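Chemist: Taking my numbering, the leading residue of the sequence shown gets -10, the next gets one more, and so forth.
Hints in this document: simulated from the structure, not taken from any laboratory.
These numbers come from a predicted model, not from an experiment.
Glycine included, every Cβ here is placed at the ideal spot set by N, Cα and C.
Just to be clear, a hint being listed does not mean it is correct.
[Stated by the list, open to error] Label pairs and their computed distance ranges (CB to CB):
no.: 1; residue 1: Y15; residue 2: E77; range: 37 to 43 Å
no.: 2; residue 1: P65; residue 2: S102; range: 20 to 26 Å
no.: 3; residue 1: A73; residue 2: R40; range: 19 to 25 Å
no.: 4; residue 1: A99; residue 2: E52; range: 36 to 42 Å
no.: 5; residue 1: P0; residue 2: G86; range: 21 to 27 Å
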Amino acid sequence: MSSQLPDRLLPHEVVIVAPATSTDSYGNTVYDYGAGAARTTVAAWLQQDQRTLVTQVGADPLEERWLMATNHSPVPRRARIEWAGHPEGAVVFELDGRPGPAYNPLAMAAAASTAPHHTELTLKIVNG
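Using the sequences and the hints given, assemble the complete structure.
Modeler: Given below as structure tokens:
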């Protein structure tokens, strides 16, 4: 039994963007997702888990939460995910919470290992 998700279940190609950091004049950490950021292309599974129409004045009219599963680890907490393959055009996500290890008891028993099976992330759209 495999100790990770099979490639056939990871049809989407995404880019994990780990920001470059600097400190501003007030001593705060500044995250830069531009040219200085580290970019890693990985295979993933993306699916929309939640969509809500928000009717409050001034609120984002459509909130969405997405699930991403990947064999890549670690994924930095402040990373952004770029996906050029969205049906409506390129989308940039940010993490909503920490990346989480997902375990498969059968794979753990077969491999005599306690290592995570894959990584799951909850995402929200930054733009797109």
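Chemist: Output the indices of the hints that this structure fails to meet, ascending.
Modeler: none
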